[in-house]
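Undergrad: The two chains are supplied separately, each in an independent frame; assemble them into the complex guided by the hints.
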Amino acid sequence: MSTHIHYSAHSRMADLLSEHYQIFSLISRLGIPLGMGDRTIREVCEGNGVDYDTFMYLVRFDLYPELRETMKSDLGRMDVQLIIDFLRTSHDYFLDVRLPDIGRALESALDEAPHDIRVVVKQYYDDYSQEVHRHMRYEDRVVFPYAEALLRGELQQEDFSISDFEKHHDQIELKMLELKNIFLKYYTWDANLKLYDVLHDLYACGEELQNHNDIENQIFIPCIKALEERPAR
Amino acid sequence: MRASLLIAVTDRHIRSSLAALLETVREPELSLHLLTDPYTFVDTARSLRPDLIIVSADICSAPLIDTVRTAASLTETHFVLYCDTIAGELMAERADGHISLEVSDQEILDLVTSLLRVEQKREEEELLTPREREIVIGIVKGMTNKEIADKLFISPNTVTTHRRNIVKKLDIHSASGLTVYAIMNKLVSLKDIHV
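Going line by line, the protein sequences match chains A and B. Per this note's numbering, residue 1 is the first one in the first sequence, and the count goes up by one each step. Per this note's numbering, residue 1 is the first one in the second sequence, and the count goes up by one each step.
Bear in mind the hints are in silico, worked out from the structure with no lab data behind them. Mixed in with the good hints, there may be bad ones.
In silico PhoX-like links for lysine-lysine, alpha-carbon gap of 25 angstroms or less [claimed, not checked]: (1) K167/A with K168/B; (2) K186/B with K168/B; (3) K180/A with K141/B; (4) K122/A with K194/A; (5) K191/B with K122/A; (6) K180/A with K169/B.
This is chain B alone, in the form it adopts within the complex (with noise of 0.2 angstroms):
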């Protein structure tokens, strides 16, 4: 899957080396997006949605991030600062990431495929464990939490914690919603379950 990167970095030279520097990156791909009218960022990157922002804090400061990812809808976006004095690179450790002049080439190309690496991953993620997958058939069948321990030999704690990790896997809430998806797939049949 193709990663999308905005690059909204004041400097005309620096947003091009920056750009000459990413277009090195294979893996991920990235489609690489170059803003040029800093007055257009917000409305550029809500159109763009892109997977990581590269903003230098004269259009972004890192107090702003959380504003501007409310008003362009940009929840799954990871913003790196571009810091060019010391105070702005105090303020940006709350960012996803920040760089700067004195950043090596190779840090910066690190840091950024490390930041869309980690959004690869959790698409990996969603598939189920066979254990997880157990506790989905256990739940869809109407059991509680201590009779599905009770039938695989584990805590009641631990199943809290694999149908934890089961909902952030499928952004799936409800015990209802996990009755379509177990049976979307096969893992129980309709007789299984009371309808």
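Same shape as in the complex, but just chain A (with noise of 0.2 angstroms):
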């Protein structure tokens, strides 16, 4: 059995960081700060300048992935900037840290393997990680400044709409999860720990990226939809 615990504006902070340990890589991510003693949600997102509403939709959608359908009325109170904040500071987060991190892992975990698994390995690795630098790259330079000129009222040229965007939004955790289950049913030699870490890590960071994937497409693109069909100011 679990329950679903209804977080508050008023629940302590620490609480709900305690019971979910997900929320880091949010908090982190909206520059909320550690050290938070017993402060409120609302009081900790106020003294950081991060909007409650849009915090606690952000929080939920993390938490409770069967209640996404019934909380996209919610959507109209989101702070569109903020979220744009926070996917361009996950796009860092995954480009400079993340996925070469586990490159780096995976090779030293491969060290004993034979030399061509860990030639074809890392190049399907570094391929891969080309492949999510191209996609959170294009995002970056052409989808997030042209929501942000929406924001700003701006008129937009005809070329581009976010229904294009969304037509070739791509899956990009697939071949991260791929090569975990290529390890997983074809790799035959011996295995050493830091291998096994390495898997656990491919497993989290394929999530982290389709749990990235979800908040572009469940909140991203629906709230740019909205904006486009704002009557232009």
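TA: Next up, the structure:
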């Protein structure tokens, strides 16, 4: 049996984080520092310039995927700029920290594996990292500036719309999970403990990327669509 | 491999007689779970991840199956509905199967074992045929469909069909993933591929 605890503005931020460690990635990317003492969720948010409603939306989105459908009606209350900043910081985290870390750990875990396996796995991972890089930097350079211009109420060029982006928005986590599956099913050499750690990371990072993509698809894109439909000022 | 089965039927007598019947199944070996509190259905299904669920329509009606599937992350689970009304049976057409009081014991056993056998068959089918292996080798060497077809004296369409089956069997979708697979299974060596 699992129970949904409904956090409110007056719940302590530290309680939320103690019970759900996955929220750490959220507060780190929103620029909320540690050392929050006994302050409530609302106090911590306001003290750090983070919109409370948007924060709670992201928390619920993360903790209770089964409620996502019913939450849609609250999308109108979102601080879209905050979402964009959050997504940008997430991109930096994946590209500058998470992916290179896993790449290094993978190489070191395969230290004693046959040479040819090391070569093709490294190639696979490097190609994949490049793909994620292209995917995320495209969003940083093209999609987010477009959304920010819409937010400022500026007229947009006709040749780009968020629906075009939506159509081409790949599930970037798939190849990460694919690599994990290949190891799981076809790696028949001795695996050292480091390799198990890396597989765990591939799994976890695959889920993080999937969650990131879900935020883009189910929060960011609908918000921008609503802005596009708003009559020009 | 043991298959797990959850019986979530409200009526206590029907639940236990289904359990008694299914306990006689030897192939595949079953581990049976009986749900007594209908209110815990989704949570129980989520934590058990059974291969098959027999659920009565008052706990989960046919139109709700997909929702439960999503909510409880049960992509592979088969749903068999236990129906006690004709209307329920009509609705149940879109479940993986449905049973009722009218259905004989033998029919229930056949339904359950056939649904679970598909599962086992799927695992056996994962081995590539010799022809499929040749095609994997072609792909990781960087050959086009046309080149592979010419080399093996088959049509490019056949190559496409083989490729689709390979993807399905291995669950590997990218050429670079196939390369790792091919090296791990010694189908090619490094000098065969352009790294």
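Undergrad: Against each hint, give a clear statement of whether it holds in the structure.
TA: Checked hints:
Between the alpha carbons of K167/A and K168/B the distance comes to roughly 24 angstroms, so the proposed pair stays at or under 25 angstroms and holds. The straight-line distance between the Cα atoms of K186/B and K168/B is roughly 21 angstroms, inside the 25 angstroms bound, and the hint therefore holds. With a C-alpha separation of about 23 angstroms, the suggested pairing of K180/A with K141/B holds against the 25 angstroms cut-off. Restraint check for K122/A and K194/A: satisfied, since their Cα atoms lie roughly 16 angstroms apart, inside the 25 angstroms limit.
Our distance criterion of 25 angstroms between C-alpha atoms is met by K191/B and K122/A, whose separation comes to about 16 angstroms. Under the criterion of a C-alpha separation no larger than 25 angstroms, the hint pairing K180/A with K169/B is consistent with the structure, at around 16 angstroms.
The structure is consistent with each of the numbered hints, conforming to all of them.
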